Every structure is written in structure tokens, then in C-alpha cells.
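*Asks:* Just need the whole structure built from these sequences, with the hints factored in.
Letter by letter, the chains look like this.
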Amino acid sequence: MMKAKKWNIVLALLLMGTFTVQAQITGKPNFGKIAIIDATIHTVTEGTIQNGVITLDGEKIEYVGTDRSKVGADYTVIDATGKHVFPGFMDSGTSLGLVEVNAVAVTVDNREVGNMNPNMLAFTAFNPHSAAIPVTRVSGVTHVITAPQGGLVSGQAALMDLWGYSPDSMAIDATAGMVLNWPSVQSRGWGPRNPEQAEKRYKEAVRNLDKWLDNARFYEQMMNEFEADPMDKTKPEKDQQLQAMRALVQGETPLIIAVSSEKDILNAIEWSSHEDNSSLNIVFAGVEEGWRVAEKIAEAGIPCLVSTLYTPVRSYDHIHRPYENPAALMKAGVKVAIMTGEVENVRNLPFNAGYAAAYGMGTEEAVKAVTINPAEIFGVSDRLGSLEIGKQANLFISSGDPFEPLSQIEQVFIKGYQIPMDSRHTQLFEEFLDRDATQE
Amino acid sequence: MKNTLTTLLILAVFSVGTIAQEKGSVLIQNATLMTITDGIIENGDVLIVDGVITAIGADLSAPSGVSVVDGTGKYVMPGIIDAHSHLNTVSTNEARNPVTAEVTMEESINPNSVSIYRALAGGVTSIHLMHGSANVIGGQGETLKLRYGVTQDDMRFADAKRTIKFALGENPTRVHGQGNGIQPRTRMGVEQIIRSHFDEALDYRMKREAYLTVKEAYEGDRRGRTAPPVPVAKNLRYDVLNDIIDGEILVHCHSYRADEILMLMRVFNDYGIKNYTFQHANEAFKVAPEIAKNGAYTSVFADWWAYKFEVYYSTAYNATILNENGVTNSINSDSNELIRHLNHEAAKTVRYGETSETDALKMITINPAKQLGIDDMVGSLEIGKQGDVAIWSGHPLSIYSKVEHTYVDGKKYFDLYMDPVDMRIAVDSEDSYTEAGFNTFIQGREEDSCMSDVFELIQQ
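Chain order of the listed sequences is A and B. If you count by this note's numbering, then the first sequence holds residues 1 to 440, one letter each, in order. If you count by this note's numbering, then the second sequence holds residues 441 to 900, one letter each, in order.
Any given hint could be a false lead.
So, partial list: chain B residues that the calculated Cβ filter (under 8 Å) puts toward chain A [unchecked claim]: (1) Y711; (2) K748; (3) F881.
In silico BS3-like cross-links for lysine-lysine, where the CA-CA straight-line distance does not exceed 30 Å [to be verified]: (4) K28/A to K70/A; (5) K331/A to K842/B; (6) K842/B to K514/B; (7) K331/A to K674/B; (8) K852/B to K514/B; (9) K235/A to K200/A.
Beta-carbon label-pair distances, calculated as ranges [what the hints assert, rightly or not]: (10) R435/A to G735/B: 17 to 25 Å; (11) T81/A to T626/B: 55 to 63 Å; (12) A498/B to I389/A: 52 to 60 Å; (13) V113/A to T626/B: 26 to 34 Å; (14) T81/A to G834/B: 22 to 30 Å; (15) K733/B to T66/A: 54 to 62 Å; (16) Q427/A to G505/B: 55 to 63 Å.
Think of the hints as simulated: they come from the structure by calculation, not from any bench. Since the structure is predicted, the reported quantities are computational estimates derived from the model, not experimental observations. A virtual CB, placed ideally from N, CA and C, is assigned to each residue, including glycine.
*Replies:* Put into C-alpha cells, the structure is as follows:
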């Protein structure tokens with residue numbers, strides 16, 4: 001009996017030890033009244049301020065300018081002489097938090113069974129404790145679109161801050177966009193090998209999509225009528241999928257259409273111009289061949305989420321096409337946001353943008369493509385995307401141009417929290433750089 | 441019209457390419473020279489004559505007939521060497537046996553792949569074309585020079601050391617144990633596959649040599665007094681394994697976890713094998729002192745992790761930790777995308793752990809050259825070395841810098857300012873089917889490209 005008790009204590013101690021270790025993956029953040037002084041402040045929307053001052057009060061930016069008298073005695077002051085302050089970068093295409101280890105199926109939560117999944121929410125599967133989140137945020141990427149995939153309609157993407165302990169506290173917008181994988185007319189890969197068959201399959205898929213949208217519009221109208229005046233009416237049966245599409249057909253939730261090749265982009269533009277679809281708020285994602293039809297995308301007024309670090313799509317494409325695609329779209333008048341399409345390496349967003357900058361976009365526009373542009377595309381530019389008074393304090397301090405791998409990202413603030421610059425990667429570095437050292 | 445012009449241009453460029461291993465001459469003047477082994481020389485000149493660097497200094501003059509390139513404001517560095525690539529393989533994996541040492545990349549080179557040109561545009565001049573990682577002891581590799589437009593034979597790097605691929609961990613246990621129900625299913629099995637095959641190879645050699653001795657005696661015995669020996673058949677697989685034990689073939693071992701890295705070093709110590717490289721080696725940082733002590737090399741990704749379980753506990757600071765612990769490390773691509781900007785992958789070692797810029801550049805030049813046994817010929821700007829160099833528009837570790845010219849053996853294979861759109865040599869009949877991308881915008885990564893085709897093959 002005594003023996004068993006003793007073991008229980010040992011076990012309890014062991015467990016406590018485990019919990020303590022796990023609870024301390026990162027340290028505690030600073031929060032409250034914080035001032036960053038003597039910095040070069042890249043506001044994005046209101047120019048660049050030399051020797052600037054930026055103050056935070058809680059979650060919000062309180063002041064941006066050059067007036068040092070705004071820094072009260074109760075502020076924690078960060079001297080940023082020679083350093084640069086940027087708005088936190090936003091990656092508008094990831095599956096961060098939905099997938100832990102892609103090759104281990106039980107840790108992959110971004111792909112539900114089925115072809116039509118409008119009611120699947122990335123928000124629900126988002127794991128705030130994913131090891132990849134700290135790895136990402138210390139690179140200056142402070143908020144991301146995390147999206148489901150698969151099927152025709154994959155579900156709804158969420159816009160998440162990368163600091164917090166629950167999806168609820170991290171969600172900027174839990175239903176930021178509905179993901180539609182555009183049915184390809186291309187005959188390729190495992191699909192049909194002749195063009196007629198591919199065309200037929202494409203038309204079937206679009207008919208299916210149109211039918212769903214028709215139903216959703218009907219459902220929306222029916223529910224609106226019932227909700228406006230429920231008296232003397234039978235309550236309509238609730239349909240989870242159609243219910244999830246109400247904000248979409250109202251144009252509140254953007255429809256993110258994943259589309260890549262020239263023909264498919266043209267088809268998607270043609271489809272989006274149908275009168276029935278005029279209420280939809282359409283965004284293209286991927287758009288690797290956007291440069292071939294940039295004028296048409298611009299005419300249609302459809303913003304694009306694109307990356308740069310992929311190999312040229314066709315064997316006869318120019319070597320620099322992937323790098324030049326964002327600039328080609330931008331120059332045609334398309335609103336462009338840069339994304340990675342990554343899970344564990346979302347931290348490479350600044351480098352995707354860097355290639356766009358180097359190949360025709362220029363640094364200033366490329367910065368916009370990871371800050372204010374995606375904020376506008378996802379309807380949150382009143383809160384995020386630039387350094388302006390009253391906006392949410394998502395920002396970082398960098399030693400130089402943040403697109404340069406030789407620069408260091410030194411401090412990151414998310415929703416006003418000055419986050420610990422720790423991640424699994426830095427912790428392993430600290431432990432193993434001089435592995436066999438002993439305490440002094 | 442444009443297409444015709446392009447075709448003509450391609451013909452013009454590459455009709456000369458069919459001349460075997462053409463060597464060129466060029467004088468690059470007044471550039472910043474990243475010599476790699478001898479510091480940075482400002483306002484320096486490099487003279488390459490008939491494919492060999494003959495002079496490095498200031499105010500060099502060009503011998504008659506040698507073209508001059510103004511390098512003012514530019515950077516010159518040795519061509520990048522990628523120690524892990526499947527850039528232009530015909531096939532990558534012979535996956536049907538845990539040991540396929542007899543297989544080789546020698547005849548599996550596609551000299552027409554446009555990906556060669558794309559790599560040249562990133563300043564790469566040599567690659568280590570590797571067998572995949574489906575087998576514990578896989579096929580032999582081939583070191584290539586990226587002479588785009590020449591024949592299969594002429595792409596080979598003359599006098600490069602022979603190499604072979606080994607693979608530990610998930611890939612071989614998944615393919616053979618999980619996939620086919622044979623050893624190895626575990627990391628225990630992986631070790632025994634290596635030991636038993638080395639032992640069998642040594643036994644074979646003893647028997648084969650004994651047989652050959654007796655056979656010689658028998659054939660020399662004209663009076664027929666000796667009995668004919670029982671033949672011991674030549675075995676290519678065991679011959680290759682013996683060449684490994686004899687140090688004639690450099691092992692490049694796909695590995696991730698620290699324990700399996702230690703295992704292979706124990707095994708190799710037992711068989712006296714030296715000069716080997718751990719490829720990928722995401723957990724090498726955990727055993728950096730042991731790796732350094734054994735004089736083994738590592739060749740790692742700059743930042744890939746978490747795509748499979750055995751790389752979950754890894755860090756982008758791996759390269760820095762290894763370098764600081766005295767391990768000769770290179771940064772490789774294992775990817776036709778990353779190979780286009782290995783300079784940038786190397787730059788990440790500065791971001792992650794503040795490796796010096798010089799050491800970062802070593803990781804894509806002289807260090808991989810050492811790992812491939814070609815460091816006496818390439819990997820730095822030194823008199824007597826081969827004229828594989830690239831001219832960059834700015835500092836090669838800046839994201840804004842572009843490769844302007846890439847030379848292999850002093851011959852220009854890439855020119856940013858004379859760069860036609862369509863650089864294919866051969867038209868692939870599959871092109872019309874693959875022109876589209878993929879209508880999905882999240883590109884999850886499950887594999888390193890070492891496993892290309894394996895599961896399609898196994899399912900058939």
C-alpha cells in the first residue's frame with residue numbers, strides 16, 4: 001500500500017514536470033504601453049517617417065509620427081535607432097495550423113471528404129499550438145489566411161493572428177473566404193486525356209456549382225423572408241451547407257477561386273461575369289498563368305493571391321516567369337497579394353515578396369502586396385495592413401530590408417503583444433549550438 | 441515569326457554545343473571577386489584561358505582573341521555546386537530491392553532537360569545527380585557539369601570521384617517493410633541490411649579471389665593434374681560494395697534522425713569506411729560533435745522541416761550549428777525549384793544563426809566540392825582551377841541580385857541579356873498535357889524528391 005502511494009507521488013511529480021516543460025514553449029509577452037523610438041517607420045499608406053515614434057496602447061496603435069512628447073514616463077521604450085518598423089506581414093494563402101506533419105495523415109486536418117463542403121471551417125481545425133506558428137511569427141508574418149483544400153468547394157478559410165491560445169482569441173475573421181477549386185478544362189494528369197471529355201467534365205462541374213449557388217440564393221431569400229417576418233410562416237428546415245453559403249451569396253464572404261492556367265482563368269472570368277454571380281466577391285488564388293491574361297483579369301476587377309517560388313509552369317516558359325508574374329498583374333492594374341501556399345514554411349513569405357520586388361514590382365509595391373493589399377482584399381484594411389493610429393498593433397522591427405535574408409527580424413508585435421522571439425527552431429539552436437557545455 | 445527566330449537562335453547556340461566539352465576563354469575585369477578560399481578581392485580581374493583560370497589579379501590584359509567582360513559593380517563567384525539533385529534524371533529510383541548498388545545514374549542522365557538551363561540561370565555549374573532514397577543501399581550517382589546542349593557523355597564531370605546513395609529511416613522502411621513486407625521495417629533492420637551486405641560482399645571477394653587464383657592455376661596447368669575449380673560468378677552488386685569498403689566510392693547517405701546518423705558512423709568505423717556525407721541530415725545538429733570527430737560531412741536543406749515525421753524535431757539553424765562545431769557542411773536543393781536560387785538558400789544560414797557570409801558561400805561552392813571529391817578542380821576562384829564561374833549583378837547573398845552570366849569551362853552557357861524565352865532543346869510529347877498548373881493554391885509537401893515514382897511503381 002505504502003509502496004503504491006509512493007509511486008503515485010513519483011508519477012504525479014513526473015506528470016507535473018512534463019506539464020511545466022510543455023507550458024513553457026515560449027516565454028511571456030510584454031503588453032501595455034510601449035513606444036518604439038528613433039526608427040524608420042514604413043507606414044505603407046502614409047509614407048516613410050525618419051526618426052519616427054510609434055506608440056502602442058494595449059491592442060492598438062496609439063500614435064505614429066515624430067513627436068517624442070507622446071512617449072509618457074509610463075511607457076516601455078524600445079530604442080530602434082537604425083532599424084525599420086513595418087506593418088506585420090499577412091500571408092493570404094496557407095494551411096498553417098491545419099496540418100502538423102503532412103506525411104502523417106492523422107495530423108492533416110485541411111481536407112474533408114466530399115466534393116461540396118461549404119460548411120467546413122478552417123477556424124475549427126486551427127491548432128493554436130502548432131509548432132509551425134511560433135516558427136512563422138518570428139519572421140514578421142503576423143497574420144495569415146489559413147485555408148482548407150480538396151473537392152470542388154473545400155470549405156471556409158479563416159484569417160488568424162499568430163499569437164494567442166485559442167482560435168477564438170486569434171481569429172480576425174473566422175469566415176474570411178470560401179475556397180473553390182476551379183474545375184479545370186485541361187486534359188492532363190490522371191484526368192481525361194482528350195479535350196472533348198475534359199470539356200464535358202468541366203461543364204458538368206460548373207453546372208453543379210451553378211445549381212448549388214442557385215439553391216443558396218433561394219435559401220438566402222427564403223430565410224431572409226422568414227427572419228424578417230416569422231409570423232404565420234412555417235420555419236424552413238435548416239440546411240447546414242446552404243446556411244454556410246448565405247454570407248457568400250450576399251457578397252460578404254469572398255469566394256477564393258483557386259485557378260492556375262490560362263484557359264481556366266479565362267473560363268473563371270467568363271463565369272464570374274454572369275449576372276447571377278454579380279453579387280459575389282471574387283478573388284483568384286494561385287493564378288500562375290495570370291501574366292498571359294493580366295489585362296482581362298484587370299478588366300474584370302478581380303484581385304489575385306500569387307506566389308513566386310515555383311518552377312515555370314510550361315517547359316517553354318521564360319525562366320523568370322514565376323518571379324515576374326506579380327509585377328505583370330500589378331502593371332495591368334490587378335490588385336495583387338503575395339502568398340506562400342505553404343504550411344510549415346510560411347516564414348518564407350518575405351522572400352516570395354522579395355523575388356516579386358526584384359523582378360519588376362519594386363520593394364514598395366511588394367511590401368503593399370503583403371500588407372495593405374491583402375487587408376483590402378479580405379475587407380480588414382480598417383484594422384490591419386498599415387501603421388496608422390487606431391489600427392491593430394501588428395508590426396515588427398527589422399535590422400534592414402525585411403525581404404533580405406541577411407536582415408534580422410528583431411521584435412514582433414501581434415495585437416499589441418510584444419511576442420517572445422522563441423520557436424522550436426531557436427530553442428534547438430540554443431540547446432545544441434554548444435551541446436556539451438555545463439553550467440558555469 | 442518569333443518562334444522561328446527562337447528556333448534558329450537555339451540551333452545557333454546549340455549546334456556548337458555538340459562539339460565535345462568545348463572550352464572557352466574570357467577575361468572578367470574590375471569586379472568584386474568572391475574567391476571563397478582567399479577572401480574578397482575588390483576591383484579584381486579573372487582570366488580564364490581554354491577552360492582554366494590562369495590569372496587572378498588587377499589590370500590583367502586579355503590574350504588576343506579572348507573576349508573581355510566589364511565587371512564594374514558586379515560580383516564574380518565560383519559556380520554553385522549542388523551536392524544533392526535529381527535535376528535531369530531519366531529514372532530516379534530502382535525501388536525493388538533494399539540493396540541496388542549495381543544500379544547507376546550513369547545512363548540515367550537526360551541532357552535535354554530544360555531544368556538544366558534553369559539551374560544555370562541561378563549560377564549553378566555542377567550537380568550531384570543522385571539515385572533516390574527508396575533503398576538502404578541505392579544506386580551510384582553521377583557528378584555533372586551543366587553543359588546544356590551536349591550529349592549525355594559530355595555532361596559528366598571528368599575525374600570526379602565515384603559516389604553512391606545510401607538511405608536510412610522512413611523511406612526504406614516504408615518502401616520495403618511497410619510496402620513489401622520484407623526487411624527493413626525498422627531502423628534496426630536498416631543497420632543489419634548494411635552489415636549483412638558488407639559481410640556478404642567481403643565473403644564473396646574472398647571466394648571469388650580464391651576461385652580466380654585456382655582458375656589461373658588450372659588454366660596454366662597444361663598437364664591437367666589439377667581439378668577444375670567450382671566457379672564463383674562475378675557479382676556486380678558485391679563488387680560495388682567492396683569498392684565502397686576500399687574507399688573508391690564516396691557514400692552520400694540520406695538520413696534525418698540523430699540516432700541513425702550515429703548508427704551509420706559506428707557501422708562505417710567497423711568496416712573502415714571514411715569520407716562520407718550525410719544528406720538532408722535534419723537532426724545532424726544533435727550529434728554535431730560526433731560527426732565532427734568522425735570527420736564526416738553533412739549536406740542539408742536551408743529550412744525544410746515538418747513535412748514528414750522524421751523532420752519534425754528539426755531547426756533551420758542546423759547548418760550554423762554544424763558549421764560552428766567544425767563540420768564541413770553544404771546547402772543542397774534536392775529540388776528543381778530551390779536549385780534556381782541556392783545563393784538565397786545559403787543566405788538563410790546568415791539569418792538563422794549568423795553564419796558568416798564567407799562560410800555561407802562556402803556551403804554552396806567549396807564544401808559541396810569537397811563532398812564530391814572535386815575540390816581540387818572547382819569550388820573556388822584559384823589559379824589552375826576550372827573556369828566555372830558566375831557573374832552576379834550584386835552581392836550573391838542579396839535577394840535583389842541576379843545572375844548575369846554563367847560560364848562552364850570558360851564557355852558562356854547563360855546570359856541574362858541574351859536570354860530567349862523558349863530554351864528547350866527537345867520538345868516533350870507530354871507538354872500539351874502538362875501546360876496547366878494545378879488548380880489548388882496550397883502546395884503541401886510530403887516528400888523530398890528522393891522518392892519520386894516509388895509508390896506509383898510499387899502500386900503497379
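*Asks:* All the hints need checking, so say for each whether the structure fits it.
*Replies:* Outcome of the hint check:
1. Because the closest C-beta pair between Y711/B and chain A is about 27 Å apart, greater than 8 Å, the hint is violated.
2. Hint on K748/B holds. Least Cβ distance to chain A is approximately 4 Å, under the 8 Å limit.
3. Residue-level restraint check for F881/B holds (minimum Cβ-Cβ distance to chain A is 4 Å; threshold 8 Å).
4. The hinted pair formed by K28/A and K70/A meets the criterion: a straight-line CA distance of about 26 Å does not exceed 30 Å.
5. For the hint linking K331/A to K842/B, the alpha-carbon distance of about 21 Å falls within 30 Å, and the restraint holds.
6. Between K842/B and K514/B the alpha-carbon distance is near 10 Å, which keeps this suggested pair within the 30 Å criterion.
7. Straight-line distance between C-alpha atoms of K331/A and K674/B comes to about 66 Å, which puts the hinted pair past the 30 Å bound.
8. Distance check on the hinted pair: K852/B and K514/B sit about 16 Å apart at the alpha-carbon level, within 30 Å; holds.
9. A distance of roughly 39 Å separates the Cα atoms of K235/A and K200/A; the hinted pair therefore is violated under the 30 Å criterion.
10. Taking 17 to 25 Å as the suggested C-beta distance range, the pair R435/A and G735/B conforms, at roughly 18 Å.
11. For the hinted restraint 55 to 63 Å between T81/A and T626/B, the CB-CB distance of approximately 56 Å keeps it satisfied.
12. Distance hint check for A498/B and I389/A: the Cβ-Cβ separation is about 56 Å, which falls inside the suggested range of 52 to 60 Å.
13. Between V113/A and T626/B the beta carbons are some 32 Å apart, a value that agrees with the proposed interval 26 to 34 Å.
14. The hinted range of 22 to 30 Å is satisfied by T81/A and G834/B, whose Cβ atoms lie roughly 26 Å apart.
15. Taking 54 to 62 Å as the suggested C-beta distance range, the pair K733/B and T66/A conforms, at roughly 56 Å.
16. For Q427/A and G505/B, the hinted distance range of 55 to 63 Å is satisfied, since their beta carbons lie about 59 Å from each other.
Violated hints, in rising order: 1, 7 and 9; the structure is consistent with all others.
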